[in-house]
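**Q** Chains A and B, in that order, are what the protein sequence lines are.
Letter by letter, the first sequence follows residues 1 to 335 of this note's numbering.
Letter by letter, the second sequence follows residues 1 to 90 of this note's numbering.
FYI, nobody ran anything at the bench for these hints, they're computed from the structure.
Ideal Cβ placement from N, Cα and C applies to all residues, glycine included.
Possibly wrong hints are sitting among the right ones.
[Claimed, not checked] Covered, in the sense of this in silico footprint (three residues per stretch, anywhere, with C-beta under 8 Å from a C-beta of chain A), are these stretches of chain B: (1) 8–18; (2) 59–67.
[What the hints assert, rightly or not] Quick list of the computed label-pair ranges, beta carbon to beta carbon: (3) A:Thr288 with B:Leu71: 46 to 56 Å; (4) A:Thr307 with B:Glu72: 32 to 42 Å; (5) A:Asn263 with B:Ser70: 15 to 25 Å; (6) B:Glu2 with A:Asp50: 46 to 56 Å.
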Amino acid sequence: MSKSKTMKTAPQSNILPFLTAILFGVAALLVIFIFVSLNSQGDTTTPTVDIENATPTVANVQISTSSYGNQESSLNLTEATTTEFYVHGMITDNNGCVDVATSGSAKIYFYDTQYTFCLSDFADDARCYIGDMNDANCSFGSATGTYENPCNGGTDTNVSFQCQFDVHHFADATGAGGTFEAFDWEGRLVATDGAAFTSSSSATSTIEVLTAIDVGSTINYGALNLSATSSDIGLVVRNTGNEQIDVNISGTSMPCSEIGTINVAQQKYSLTSSIAYSSKTALSGTPTLVEFNLNRQTTAATLSTTTLYNQIQLPSEGVAGTCTGTTTLTALQSL
Amino acid sequence: MEVKNIVIISFAWAVVAIMISTFAFLKAPMNSGNTSLATRQAARNAQHTDAKTKDNSPTEQIVSSVCVESLEYPCSMPENTTRPVVRITP
Numbered sequence: 001m002s003k004s005k006t007m008k009t010a011p012q013s014n015i016l017p018f019l020t021a022i023l024f025g026v027a028a029l030l031v032i033f034i035f036v037s038l039n040s041q042g043d044t045t046t047p048t049v050d051i052e053n054a055t056p057t058v059a060n061v062q063i064s065t066s067s068y069g070n071q072e073s074s075l076n077l078t079e080a081t082t083t084e085f086y087v088h089g090m091i092t093d094n095n096g097c098v099d100v101a102t103s104g105s106a107k108i109y110f111y112d113t114q115y116t117f118c119l120s121d122f123a124d125d126a127r128c129y130i131g132d133m134n135d136a137n138c139s140f141g142s143a144t145g146t147y148e149n150p151c152n153g154g155t156d157t158n159v160s161f162q163c164q165f166d167v168h169h170f171a172d173a174t175g176a177g178g179t180f181e182a183f184d185w186e187g188r189l190v191a192t193d194g195a196a197f198t199s200s201s202s203a204t205s206t207i208e209v210l211t212a213i214d215v216g217s218t219i220n221y222g223a224l225n226l227s228a229t230s231s232d233i234g235l236v237v238r239n240t241g242n243e244q245i246d247v248n249i250s251g252t253s254m255p256c257s258e259i260g261t262i263n264v265a266q267q268k269y270s271l272t273s274s275i276a277y278s279s280k281t282a283l284s285g286t287p288t289l290v291e292f293n294l295n296r297q298t299t300a301a302t303l304s305t306t307t308l309y310n311q312i313q314l315p316s317e318g319v320a321g322t323c324t325g326t327t328t329l330t331a332l333q334s335l
Numbered sequence: 001m002e003v004k005n006i007v008i009i010s011f012a013w014a015v016v017a018i019m020i021s022t023f024a025f026l027k028a029p030m031n032s033g034n035t036s037l038a039t040r041q042a043a044r045n046a047q048h049t050d051a052k053t054k055d056n057s058p059t060e061q062i063v064s065s066v067c068v069e070s071l072e073y074p075c076s077m078p079e080n081t082t083r084p085v086v087r088i089t090p
């Protein structure tokens, strides 16, 4: 009797706590599954490899007077015109040379190191020349040579790059005695890859002092009577070098075609116009320094010139016909 | 098992789940990205040498002329006006 009574009193309300426990357990497993599946990427079995971008490198930059030529430490300009200089170097990109030659860019600066603005792309005829791969005067290597190397694509990692610069005759003189002797001309090659990673390298040379002038054609005083004084005949003198100049002047007497010779001192000159003949300086057979203080050009568009005003006074007798002499001008660097 | 114990065990499971999830989250690979830009400027080329001084003081020589007017020898155009400038290279 007592046994069956016990069976009847078994608590049926205990099912609810078990159900609650099962629900919590399922919920916990669900949370674990969601978090693990969303965030545990490191546990995936798919193999991945990250190839990081390599920064290109630049080496063996050289400045030369010939295409892909050897480094030259001393460069000479040509008066009144431009002179070709070449800057070249080798670019290496371990991701392949196309990473620079096709996807990236290359640029060369050729400049006087005292003018650091050049590297901010402020070109200047006297001190800063800039070329990049889009310019006609710049190119990547197209053949194989001592310093030249084309980009062949694929696994090829090296390519050369060169720019030709037509440097004006008035470029900063960094050579001995030059105004900018304390500086150098630097050729700097900058290579940038497709991911904008960049590096550069450079070489330096010196541009020597160029002292030079260019003068007008002739001094023609025209036809004069005995004892007459000519008007001012201007002789244009141009500084065609890269430093300020003075000029040594000398002349010869003027033998005449029919009778006699005009003494050299009958010709006089001045750097100022409308100065009376008596106040001018007499020409001499001995070179005489005239302080022109004629500056060099600073831009290609504007020449640097001055005028020497000449006059002649004929003697009162003893000469006839056409009289001809020579005047010699020698440029000297101003001190 | 009492309800109280079941609730405690369930919370314990939840805490374990959160810890595992946090661990898994931290274990997930970070985006490594690219390294910072490296500046590789080679040492300045030291090939500069004291340059030779070039003697380039050019000299130019020009012709000057005048015609002396007289009845006996009337002036014609001076013959030398078209002669070129003579350049003397040092």
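**Q** Each hint needs a verdict: does it hold in this structure or not?
**A** Structure-based check of each hint:
1. 8–18: Per the Cβ count (8), the hint holds.
2. 59–67: With 9 residues close enough to chain A, the hint holds.
3. A:Thr288 with B:Leu71: 46 to 56 Å: violated, 37 Å
4. A:Thr307 with B:Glu72: 32 to 42 Å: holds, 36 Å
5. A:Asn263 with B:Ser70: 15 to 25 Å: Given a distance of about 19 Å, which is inside 15 to 25 Å, the answer is holds.
6. B:Glu2 with A:Asp50: 46 to 56 Å: The hint (46 to 56 Å, Cβ to Cβ) holds, given that glutamate 2 of chain B and aspartate 50 of chain A are roughly 54 Å apart.
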